[in-house]
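2 protein chains.
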Amino acid sequence: MACAGGLRLAAQAQEAASAYQSVDPLIGTGPEGHTFPGATVPFGMVQLSPDTQIRPFKQSYKWAAGYRYEDTTILGFSHTHFSGAGHSDLGDVLLQPIAGEVRLEPGEIDRPESGYRSRFSHKTEKAEPGYYAVTLDDYKVRAELTATERVGVHRYSYPAGEPEHILMDLRSSIYNYEGKVLWSRIRIRKDGTITGMRETRGWAPGRQLYYAIRFSRPMVSHELYDRESPVEYKGFAPPGTTPQEKQAIEGRGLVGVFDFAPTGTPLVVKVALSPTSEENAIANMDAEVPDFDFERVHGAARTTWEKALAVIDIAAAPAMRRNLYTALYHALLAPGTSMDVDGSYRGPDNQVHKADGFHFVSSFSLWDTYRAEQPLMTLIEPESRTSDVVRSLVESQRESPFGILPVWQFQGIETWCMIGYHAVPEIADAYMKGIRGFDAKQALDAMMASADYGPYGYLDEYMKLGYVPIDHDGEAVSKTMEYAFDDWTISRMATAMGRKDIAEVFAKRAENWRNVFNRQSGFVQPRYANGSWREPFEPARAGADSGFTEGNSWQYSWYQPQDEQGLIELLGGDEKLVSKLDAMFDAKVDPKQYADVEDIAGLIGQYIHGNEPSHHLAYLYNYAGQPWRTQERLQQIVDSQYKPTVDGLVGNDDLGQMSAWLIFTSLGFYPVAPASNEYVIGRPFVDRATLMLPDGKTFRIVAEKMSAENRYVESVSLNGKPLERSYLLHEEIVHGGELRFVMGPEPNRKWAVAPSSRPFSMSSPHT
Amino acid sequence: MACAGGLRLAAQAQEAASAYQSVDPLIGTGPEGHTFPGATVPFGMVQLSPDTQIRPFKQSYKWAAGYRYEDTTILGFSHTHFSGAGHSDLGDVLLQPIAGEVRLEPGEIDRPESGYRSRFSHKTEKAEPGYYAVTLDDYKVRAELTATERVGVHRYSYPAGEPEHILMDLRSSIYNYEGKVLWSRIRIRKDGTITGMRETRGWAPGRQLYYAIRFSRPMVSHELYDRESPVEYKGFAPPGTTPQEKQAIEGRGLVGVFDFAPTGTPLVVKVALSPTSEENAIANMDAEVPDFDFERVHGAARTTWEKALAVIDIAAAPAMRRNLYTALYHALLAPGTSMDVDGSYRGPDNQVHKADGFHFVSSFSLWDTYRAEQPLMTLIEPESRTSDVVRSLVESQRESPFGILPVWQFQGIETWCMIGYHAVPEIADAYMKGIRGFDAKQALDAMMASADYGPYGYLDEYMKLGYVPIDHDGEAVSKTMEYAFDDWTISRMATAMGRKDIAEVFAKRAENWRNVFNRQSGFVQPRYANGSWREPFEPARAGADSGFTEGNSWQYSWYQPQDEQGLIELLGGDEKLVSKLDAMFDAKVDPKQYADVEDIAGLIGQYIHGNEPSHHLAYLYNYAGQPWRTQERLQQIVDSQYKPTVDGLVGNDDLGQMSAWLIFTSLGFYPVAPASNEYVIGRPFVDRATLMLPDGKTFRIVAEKMSAENRYVESVSLNGKPLERSYLLHEEIVHGGELRFVMGPEPNRKWAVAPSSRPFSMSSPHT
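Residue numbers (this note's numbering), protein chains in the order written: chain F, 88 to 854; chain U, 88 to 854.
Any given hint could be a false lead.
[To be verified] Below, computed lysine to aspartate or glutamate pairings styled on EDC-like, alpha-carbon distance capped at 16 Å:
| id | chain 1 | residue 1 | chain 2 | residue 2 |
| --- | --- | --- | --- | --- |
| 1 | F | Lys277 | U | Glu486 |
| 2 | U | Lys277 | F | Glu486 |
| 3 | F | Lys784 | F | Glu470 |
| 4 | U | Lys441 | F | Glu157 |
| 5 | F | Lys441 | U | Glu366 |
[Claimed, not checked] Which residues of chain F face chain U? A few of them, derived with a C-beta cut under 7 Å, are:
| id | residue |
| --- | --- |
| 6 | Tyr148 |
| 7 | Lys149 |
| 8 | Leu269 |
| 9 | Arg274 |
| 10 | Pro292 |
| 11 | Gly322 |
| 12 | Phe323 |
| 13 | Pro330 |
| 14 | Gln334 |
| 15 | Ala335 |
| 16 | Pro488 |
| 17 | Trp503 |
Just so you know, these hints were derived from the structure itself, not from any lab. C-beta: ideal position from N, C-alpha, C; glycine also.
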């Protein structure tokens with residue numbers, strides 16, 4: 088992998104590479120990134136990509152994206168994937184082109200010839216935004232993939248004279264296990280269109296997905312199989328019909344084989360998805376890909392990406408440029424479209440709804456994305472995009488059987504993954520930034536409904552006690568910390584809307600983090616309902632019943648982005664914060680300590696860059712008036728945690744959050760507290776960058792004199808005027824202008840040192 | 088049971104009983120009838136009835152209706168049932184009222200207190216058309232049920248002061264087995280409405296049914312359980328929520344408990360069904376039962392039944408009158424409504440469609456009902472009813488993935504049960520009778536599509552060879568015989584439509600029964616594809632690979648209703664037919680011979696009245712010019728096969744076919760060959776009867792001098808003129824008038840003896 092990485096570095100040393108050419112979808116497909124290399128347009132419903140292994144549930148974590156770079160065989164190409172998820176699902180409608188004899192089972196990995204899987208070599212692979220190609224060595228089939236928003240387009244070039252087949256395995260699924268497929272259907276319509284559905288009980292329970300398939304050449308025959316062991320009654324097709332005679336089949340173990348006569352021309356296959364019905368899948372196909380012109384679709388996908396990537400014009404060292412454009416690519420994959428062209432979508436009540444005046448999106452990895460991913464979108468995407476995100480969240484709340492906002496939702500269905508109610512800060516951040524394409528009152532009501540829903544995550548006890556007690560919740564401390572931040576964002580939005588009554592309630596709740604902070608230890612700690620601390624306390628303890636979620640007190644003690652100044656006061660002053668931060672970064676940690684905890688990777692002491700609770704920590708030195716220490720830590724993190732290689736992401740990309748962190752950080756600022764409308768200034772890692780703001784304005788970042796030696800910020804100016812504070816306001820960015828850093832070899836211990844120059848905290852607000 | 092039957096006979100000896108009062112829904116709930124005692128309106132989608140046992144699949148046959156009279160406990164009341172089916176499914180949305188402690192499992196049958204089932208006594212039972220009541224002894228709850236077309240209404244009177252609960256078990260299902268429930272949902276909406284769905288893989292694969300429930304009093308609490316052993320991921324409700332806190336749940340083992348405060352007033356529960364969505368279930372409820380007025384709904388159901396039963400005014404001996412009105416009741420239960428009030432329905436492609444200008448019905452037990460049940464409807468129901476049946480069939484053909492008409496379809500989904508394509512004779516019969524509320528050309532196309540669909544039931548070989556060979560089809564002879572009859576009905580309809588080209592093809596196919604008739608043996612026999620007969624041949628052989636479906640050659644050798652005269656010729660004359668019929672009726676048969684063959688019951692020699700292939704056989708003496716022998720056999724059958732008791736049906740009622748046989752036969756005629764527009768005259772078993780024809784005309788049957796001694800037809804007159812033939816024309820009935828029988832003690836060996844007076848046969852048509 089290092090070798091492959093090296094090759095890639097060499098290849099992109101040619102500086103002329105465009106933004107599009109700088110993207111390498113293979114980055115992160117190695118050990119921890121969980122990204123996929125396949126074809127998609129920005130925020131596409133279809134994300135069409137090779138799957139290399141389908142493992143039993145308990146072994147699935149590593150294959151969360153379907154593909155791992157170290158694998159040597161491809162099972163086929165499926166149409167839905169998460170980019171960088173820690174849990175997973177999807178891998179819907181797997182197609183495998185087969186030349187010659189057809190085998191109906193995937194076969195063993197060390198004997199690919201025992202099944203339909205095929206060996207492949209990375210040498211034959213080509214991955215670009217909106218395009219992926221590979222040669223399946225066992226079939227000598229060249230496979231090319233591209234996509235529109237709702238349609239995957241495959242082009243398969245078979246070897247001359249061989250029987251040509253497409254195998255579809257509706258059993259295949261990422262994070263698979265016995266019984267995951269509840270029901271499925273394959274139906275061959277009179278016009279040769281294949282339609283069907285699959286219903287699964289995976290991460291999302293009872294998820295239905297419909298598909299439609301058309302081929303550029305007529306099928307000459309087909310076979311429909313139900314590979315499940317015999318069941319009661321007679322099944323869906325007339326009894327006694329052969330696999331060749333079946334025109335449709337329903338069941339739980341379906342495999343279809345579609346046969347074509349060799350003509351010497353490639354076979355183009357279009358696969359449209361719909362969350363609601365077969366008819367809508369057909370309508371989606373008709374609307375987006377009416378023909379079989381692979382090159383047209385591929386060209387359109389490329390043009391779309393070129394436009395999408397043009398939102399930031401970056402001048403940086405080649406490796407960083409490659410990192411950044413790939414990060415931007417990964418940041419533009421989710422939450423994706425989850426509705427039909429006519430607006431039909433499936434909501435969290437598992438019913439079909441119609442989006443009225445907005446675009447329903449899903450794949451909300453909110454615990455991750457509220458931090459930097461969605462804030463980034465408010466800068467580089469049109470306002471309508473964020474409004475669609477907010478409306479999708481708020482409509483989901485209306486449709487939720489529990490009356491609460493999404494937690495971790497995809498294809499409209501809730502999975503209850505992770506903690507908090509982080510749709511709340513996403514909405515508040517949008518509102519505070521002046522985005523108004525939604526009903527603010529309805530949104531605020533939805534936010535409060537989530538924050539007040541007692542049965543969710545022990546909110547009833549949180550509301551009663553001011554913290555979640557450890558008595559029967561093993562993640563009690565993390566929940567308390569995150570709820571308190573989310574509450575603060577409600578108070579921000581309520582204040583802005585003139586609802587002081589609400590603002591006061593939630594501003595008070597925003598201080599709840601203090602209830603789990605133990606002044607004796609200087610850490611947040613598990614606390615019982617009776618008010619006593621759980622003893623003994625070990626800040627490094629992570630995992631089940633530790634009180635923490637994917638981490639420990641070393642990461643969570645700093646989780647009060649709304650009031651870091653309050654933390655400093657509790658700790659006893661700036662130096663206490665700095666030394667405690669240093670203790671965290673410089674701790675000697677045996678990585679084995681976290682071996683059993685998924686999602687913890689990318690360690691710098693007890694700082695864990697591979698997981699989100701650490702993402703704001705390097706910026707906290709600014710709050711203590713020591714921005715040069717932030718600058719040092721950022722250098723340390725960027726140097727060690729990102730590479731333009733398949734193993735270049737130290738942790739799950741988490742639907743763009745890891746990538747958004749890098750983009751913000753490289754531009755020189757980061758949204759430590761979404762909904763504050765402030766970005767904490769770090770240091771740039773680009774020579775120059777221009778943000779193309781949605782309304783035609785630009786915001787330019789320049790790093791003067793930056794070099795390996797000149798790693799400190801000497802001075803900062805905004806629009807030519809010195810900037811003496813270590814934060815930037817959202818309005819200053821969207822107004823357009825230039826942020827200029829002058830870099831130097833030594834720390835500037837005078838810049839942004841004064842308390843008034845430090846970023847926002849509840850305890851010392853700027854206003 | 089004999090005792091109970093005796094009691095009922097005594098009770099109805101009071102002659103004043105109205106038609107409504109004469110119906111006893113408990114008739115047939117004993118050994119073989121498979122009828123249910125619960126509440127429904129005519130052709131209702133909801134058929135709400137107690138379920139007494141849910142057995143594992145292989146033991147389910149006896150519980151096909153959910154209820155058996157000999158059982159002593161009730162599990163609850165579910166909303167869908169088949170009346171008299173041989174296979175089964177349904178039992179959807181089971182509710183059990185519980186006073187006191189709630190147990191979540193049904194419990195053991197010999198220890199009812201171990202579960203939620205309750206003991207009951209028949210003494211507390213009251214079953215009337217549209218109404219059922221029983222007392223659940225273990226809870227001291229009086230349960231009353233009534234219904235509209237799509238809504239079941241329950242009224243539960245709890246004992247004073249006890250905690251009141253409704254338990255809903257979405258696992259409970261008739262013909263149950265592990266894994267039958269694919270997915271299900273319970274959702275408590277903010278307004279207290281409960282909605283949800285269940286998807287099952289029973290007889291119908293992948294069947295979805297949606298429901299909505301409202302209570303007359305507010306719930307004070309609820310509990311939602313998933314009783315399936317733990318599954319992967321976090322499920323549908325927020326993790327950690329208690330059963331009380333869950334507002335919704337999805338899964339495969341769902342049980343809901345709804346709690347009410349005792350008020351001293353009964354609890355009324357409304358349950359609406361929909362084949363398409365929760366919203367449509369609510370709409371169905373709103374349209375049909377906007378209030379909680381149990382008595383109003385009950386009164387309306389009673390009025391509806393009084394009108395429905397008034398189509399035949401019967402004067403007969405008390406037991407026969409009770410038999411007949413109950414038969415009429417059973418004949419009016421299916422095929423029932425299978426669409427929402429807005430016309431939405433689920434078709435055989437498992438997609439949602441909209442009925443445009445017709446009423447979609449389903450539960451098509453066509454192998455049974457084309458014989459007499461649907462022909463009866465053409466006399467007593469408005470033409471629009473038959474048109475709806477035909478349009479539902481034809482639309483199903485358009486929506487079928489296989490492009491063929493329903494075989495055994497319910498709730499729109501095909502089960503592939505039984506053989507033949509008997510939607511064809513139902514449609515042809517309607518067309519021949521002048522019913523025109525459908526597109527005849529489209530219908531004929533649909534009929535031919537079914538008859539020509541090679542993969543179905545070895546039709547490809549049938550079309551090639553002129554018969555289904557025994558080589559690889561164990562029901563080959565039955566299929567050949569039934570296909571040939573169905574083909575004849577196509578030729579009839581095509582002729583009437585002026586399509587001689589089509590008529591000729593299918594008239595030729597109608598002779599295919601001859602290809603399996605062996606002149607040597609005088610029986611239809613299994614035959615190989617190479618033309619040779621399978622040896623040895625044993626006409627009594629039934630069961631797997633016998634060549635026959637639920638029977639043997641003794642029943643099937645006469646299955647050419649289109650050409651009984653042709654059979655006589657092949658046999659060698661009238662006397663040969665008569666002696667062969669006698670040999671069948673008088674055969675000494677050990678009933679154990681059929682012990683392993685389901686659906687074979689009601690034996691008179693080799694005549695099996697409990698199953699449909701025998702139903703026309705007693706009428707065949709007429710074809711040999713010996714109608715008095717038909718009269719004798721009918722007496723023998725009626726006396727031995729029907730009683731107004733719970734064990735009064737000797738075989739499955741088969742969605743009204745057993746009942747329709749009795750109605751026709753008691754009126755004195757029977758449709759031996761549907762689509763011939765002829766009814767073969769037997770002898771009446773009523774003193775007088777008046778058919779209220781849909782257009783206001785009447786057709787009156789009078790049996791003069793009928794008594795136990797006067798069991799032969801002395802003479803017949805139609806509208807005052809002597810009728811010298813042993814058949815009646817459909818147009819003669821619908822024209823209105825009077826058919827008068829004069830009965831006598833001795834056979835009239837001169838009446839209807841001449842060949843020209845015998846019923847229609849292809850070989851000697853009247854026209």
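We went through each hint and held it up to the structure:
1. For the proposed pair Lys277(F) and Glu486(U), the alpha carbon gap of about 11 Å is at most 16 Å, so the pair holds.
2. For the given pair, Lys277(U) sits about 11 Å from Glu486(F) by alpha-carbon distance, which is consistent with the 16 Å threshold.
3. Proposed proximity of Lys784(F) and Glu470(F) is supported: the alpha carbons are some 14 Å apart, at most 16 Å.
4. Only pairs whose Cα atoms come within 16 Å are accepted, and Lys441(U) paired with Glu157(F) is rejected, the gap being roughly 51 Å.
5. Between Lys441(F) and Glu366(U), the direct Cα distance comes to roughly 14 Å. Compliance with the 16 Å bound is thereby established for this hinted pair.
6. With a least beta-carbon distance of about 13 Å to chain U, the hint placing Tyr148(F) at the interface is violated under the 7 Å criterion.
7. Against a cut-off of 7 Å between C-beta atoms, the interface hint on Lys149(F) is violated, since the closest Cβ of chain U lies about 17 Å away.
8. Interface hint at Leu269(F): satisfied, since its Cβ lies 5 Å from the closest Cβ of chain U, which is below the 7 Å cut-off.
9. Interface hint status for Arg274(F): upheld, as the beta-carbon distance to the closest one in chain U is roughly 5 Å, under 7 Å.
10. For Pro292(F), the shortest C-beta to C-beta distance to chain U is roughly 5 Å, which falls under 7 Å, so the interface hint holds.
11. Restraint check, Gly322(F) versus chain U: the minimum CB separation of about 6 Å is within 7 Å; hint holds.
12. Look at Phe323(F): its Cβ gets to within about 5 Å of chain U, closer than 7 Å, so that hint holds up.
13. Taking 7 Å as the C-beta contact cut-off toward chain U, the hint placing Pro330(F) at the interface is violated, the least distance being around 11 Å.
14. This hint holds: Gln334(F) has a C-beta 5 Å from the nearest C-beta of chain U, less than the 7 Å allowed.
15. A least Cβ separation of about 3 Å between Ala335(F) and chain U falls short of the 7 Å threshold, and the interface hint therefore holds.
16. For Pro488(F), the suggested interface contact is upheld, since its CB lies about 3 Å from the closest CB of chain U, less than 7 Å.
17. The closest approach between the C-beta of Trp503(F) and any C-beta of chain U is roughly 4 Å, which is under the 7 Å cut-off, so the hint is satisfied.
Of the numbered hints given earlier, the model fails hints 4, 6, 7, 13; all others are met.
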